[in-house]
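Next come the chains, spelled out residue by residue.
There are 2 protein chains.
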Amino acid sequence: MTAIPDFAAIKAMDAADGLRAMRERFILPPGLIYLDGNSLGVASNAALDELQRAATVEWGQDLIRSWNTAGWFDMPLALGDRVGRLIGAAAGQTVICDTTSINIYKALHAAIALRPDRSVIVSEGGGFPTDIYMAEGVLSMRPGASLRLEGVDAPNIEELIDGDVAVVLVNHVSYKSGELHDMAALTRKAHENGALVIWDLCHSAGALPVDLDGANVDFAVGCTYKYLNGGPGAPAFIYAATRHHGDIRQPLSGWWGHARPFAFEKHYVAGQGIRRFLCGTQPILSLRALKGAIDLWDEVDMVALREKSVRLTDLFISLVEAKCGAYGLNLESPRDGAKRGSQVSFGHPNSYEIMQALIARGVIGDFRAPSTMRFGFTPLYVSYADVWHAVVTLEEILRTGAWQDARFAVRAAVT
Amino acid sequence: MTAIPDFAAIKAMDAADGLRAMRERFILPPGLIYLDGNSLGVASNAALDELQRAATVEWGQDLIRSWNTAGWFDMPLALGDRVGRLIGAAAGQTVICDTTSINIYKALHAAIALRPDRSVIVSEGGGFPTDIYMAEGVLSMRPGASLRLEGVDAPNIEELIDGDVAVVLVNHVSYKSGELHDMAALTRKAHENGALVIWDLCHSAGALPVDLDGANVDFAVGCTYKYLNGGPGAPAFIYAATRHHGDIRQPLSGWWGHARPFAFEKHYVAGQGIRRFLCGTQPILSLRALKGAIDLWDEVDMVALREKSVRLTDLFISLVEAKCGAYGLNLESPRDGAKRGSQVSFGHPNSYEIMQALIARGVIGDFRAPSTMRFGFTPLYVSYADVWHAVVTLEEILRTGAWQDARFAVRAAVT
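These protein sequence lines map, in sequence, to chains A and B. Counting in our numbering, the first sequence runs from 9 upward without gaps. Counting in our numbering, the second sequence runs from 9 upward without gaps.
A hint or two may mislead.
Since the list gives no way to pick out one identical chain from another, each pair is judged satisfied if it fits inside one copy or across any two copies.
[Said to hold, decoys possible] With a straight-line cut-off of 20 Å between C-alpha atoms, the simulated SDA-like cross-links for lysine to any residue are: (1) 274 with 154; (2) 274 with 133; (3) 274 with 162; (4) 274 with 157; (5) 197 with 133; (6) 347 with 311; (7) 19 with 342; (8) 274 with 163; (9) 347 with 126; (10) 184 with 270; (11) 274 with 134.
Everything labelled a hint here was simulated from the structure, so no lab data went into it.
Please build the complete structure, drawing on both the sequences and the hints.
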C-alpha cells in the first residue's frame, strides 16, 4: 500500500466489504472501537440467544432431561466438528473441552507416549507462557525428560529439532508479535526428525484459514473465546489426527472419556477416537454460548475473512506510520501481511500509559509487558472506519502528550 | 417414625417448614416433582439473573474490562471462600475451578508428592467411578504406585490403610446408596497411619453440614451443580488445608496458578496458597451462574437444612414401605438418617422401567445400573407434599403394572 487513504476512501472500503453484514450480528457497545478481539471476542446475538435458551429452558425447565433432549452429552464432539471445519480438520478429530492449558497437558503426554524412546520437548521461549508452564508440569511427571526453548537454547526453533525430540509445541501465531509460523514447513521438519507436533491455534483459529489435515499435523489445541467469540473463558478445543487415535494415552482419564461412561464400570477403559481426550463434566452454559457463536461461522468464507484481515492490518500499519511516525513507535509485527496473523503490535517506551489513554477514549487494545501495544482486528466486526478512528485517537494522544496524565500510569491487576 | 402421616399431616409439615420461603426462589417447572437435585440442581432466579447480567453487561458491554471491573479474575478465590463456608473451610483454602475429575487428579498428585516414600492410593470400589479412573490416570504417571480398593482388596476401607498408603480418596456420601462416611474417624485413621485424605464432597456439599477444618482433612474436592445448584457442569471446587499450602506441587501448572500471572514470565513459579491449584482460564459465564446460586446460600442455616433433609428422607422411606411394601422394593440406603446423605435408593429388578414410568408422570429421580432407583431430596426446594405425591405415583405404577409398557424399556444414552 503506497498512497495513504483518506476517510472517504476508507468509507468506500467499508461499503465494498463483503463481510459488512456480519458486523450487525454482533453487539458492539456504542462509542467503542474494539481492537481486543484477540483477547476476548465480542458477544453476538446468536451466542446470547443460545445461552438464554440453555439457561431458561434447558436448565430451568427441562433440567436433567436436557442431557438427552438438548444434546448436552453430544456437544463436545458435535461442536468440535464444527470448529474442526474452521481449522482444516475433517470430522471426528476435534473435541471441545476444558482449557487450552489442560489440553496442552493432554496433548504433550499423548505425544510423549507415542515416542517412548525420546525425551525432549521443544517449544518457544517467546511463546504464550502457559504453553511452557504446562510443558514444565509434564516434565515434573517425566523424570529424564527435558525442554529446549527457542530464543534460549538456539535462536530458531528449527535448530532445536533432532532425533532426541519427541514433540514440538509451537504457536501458529505469536500472541505478542502476531508473527505467523509456516505450519506445513515446521510440521515437515519435525516429522523428518521423527518428532510429533502440537500447534497452539489460540491466535489463529477464526483469524485465518488453518489446514491441520493438509499440513499433516499431529495434535492441536486452542481457545474459543478470542476470534471465535465463544464468550469469556469458553471451553477450549483439542485436535488429534485420526492416525494416532488408536494409540492415544493421556492421564486425565475421567468418566466422559470412558468407553462406556454410563455403565459405571470399576476401571477406566478409554473411549474410541477423539473422545478419549474428554475427562470431566463440561460447563454446559458456557458451551451453549459457544454454540451460538459457532452458528455464525457457518456463513463465513475463510478466504474472504483472511483478505479482510490483511487489509485491516495493512491499513492500520500504514496509517500509524503516516500519522504517528514522529512519536517513536516501532512496528513489532511482520510488515508482510502474509507472515502476520490478524493483529498488529507496536513498541514504545510508554506503551502502558498510551494504551490506558486509548482505552479511556474508547479505543480498546491491550498492553503486553514490557513495552508492547497490541491491537487485534477481528474481520467479522471490525470496520475500516474503526481503524481510521483508532489511529486518529492514537495520533491525538501522542501529539498532545495526553498519555502523561498520572492516572494512566496506575496498573490494574489485569491489562 | 412409627405412625404413617396422612396428607393433612404432611401439609402441616410444609406449613411449619422454616426453609419453605426458599422454595420460592427456585424455578420449579409446573407439574414436576424433582427428586434429582443430587444429579443436577434446580435453577434459581438469582442464578439466572447473575448469568444474564454477566452475558449482556459484563461480556456484551464491558468486554475485556470486566476482568477487573466485574471481578472475573478474583472469582475462583472469592467464590471458593463462600463455598468454603458451607463445607467448614476457613477462608483461603478453597478455590473454584475446572472439574471434579481434574481436581481429583491435582489433589492426588499433591498428596503423593507430600508422601514421597509411599506408593499406595486407597479408594472405594463402589465409589463414584471417575474417582477411580482419575486415580488410574495418576498411577499411569507414577511407576511403582498402586491402588487398593474397598470391596475388591478388602471389605472395609479401614483395613486397607497401613504405612504404605500415601493417600485415601473417599466419598463423603456414596452416590449410589447415600451412605454417609464418618469424616473425622476415617481421617483420623488415615493420619494415624501417616496417610493423607482426600474427601470427595460431590454428594454432601450443600446437602448437609461438612466440617473439613474440624475433621483435620487434608484435601477435598466436589462439584457445584448438584446440591449447590450452580448450573449444568458448573466448575468444581478444591480444598487444601493451610498447613499443606507451602508444599503443594501439582502438574497442571497453568498461567492462572502462577505467582505473577500477568508478568508473562518464561518459567512457572507456583502462586501462594490455594491459588496454585488454578490452571487455565475458567468458564466465566458458568461461574457467574454459580455465583448467583451461592448468593442464596448466605441465607441458609446448615443445621436447619440437615434437619429437613433427614425428615424428608425418613418420610420417603416410611411412605414407600407403607404404601409399596407389596411390590418387592428393597431399601439400599441406610435406614438411620444420621448415616445417610440427602438421598434414598431403592432396588428392584425392574428399576429402569419403573423410573422411566415415574419420569413420564413428572416424578424425576434417576436410575443407576444395574437395579437402583435413586431419589434426591434437596431441602431448599423439595416439599413434604412432593414426597407424598412421588410415593402416590410410585404406588400407582407398581399396583397397575404401568411400568411394563414397552416404551419404558428403551434405554437412552444418559439416564
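Hint check:
In this homomeric assembly, residue 274 and residue 154 come within 20 Å of each other (Cα to Cα) only across copies, at 15 Å, whereas the closest approach inside a single copy is 35 Å. Proximity of residue 274 and residue 133 under a CA criterion of 20 Å is satisfied inter-copy only: 7 Å between copies versus 42 Å inside one chain copy. In the homo-oligomer, the alpha carbons of residue 274 and residue 162 lie at most 20 Å apart only across protomers (15 Å), although the nearest pairing inside one protomer, at 48 Å, exceeds that limit. Taking CA atoms no more than 20 Å apart as the test, residue 274 paired with residue 157 passes between copies only; the shortest distance there is 10 Å, against 41 Å inside one copy.
Taking the closest pair of Cα atoms, residue 197 and residue 133 come within 20 Å of each other only inside a single copy of the chain (19 Å); across copies the shortest separation is 47 Å, beyond that limit. Taking the shortest Cα distances, residue 347 and residue 311 sit within 20 Å of each other inside one copy (15 Å), while across copies they are farther apart (64 Å). Taking CA atoms no more than 20 Å apart as the test, residue 19 paired with residue 342 passes in neither setting, with 26 Å inside one copy and 74 Å between copies. Taking the closest pair of Cα atoms, residue 274 and residue 163 come within 20 Å of each other only across two copies (16 Å); inside a single copy the shortest separation is 50 Å, beyond that limit.
Proximity of residue 347 to residue 126 under the C-alpha cut-off of 20 Å is found in neither arrangement, the shortest distances being 32 Å within a copy and 52 Å between copies. Proximity of residue 184 and residue 270 under a CA criterion of 20 Å is satisfied inter-copy only: 13 Å between copies versus 44 Å inside one chain copy. Taking the shortest alpha-carbon separations for residue 274 and residue 134, only the inter-copy value of 8 Å comes in at or below 20 Å, while the best intra-copy value is 44 Å.
Consistency with the previously given hints fails for numbers 7, 9, ordered from lowest to highest.
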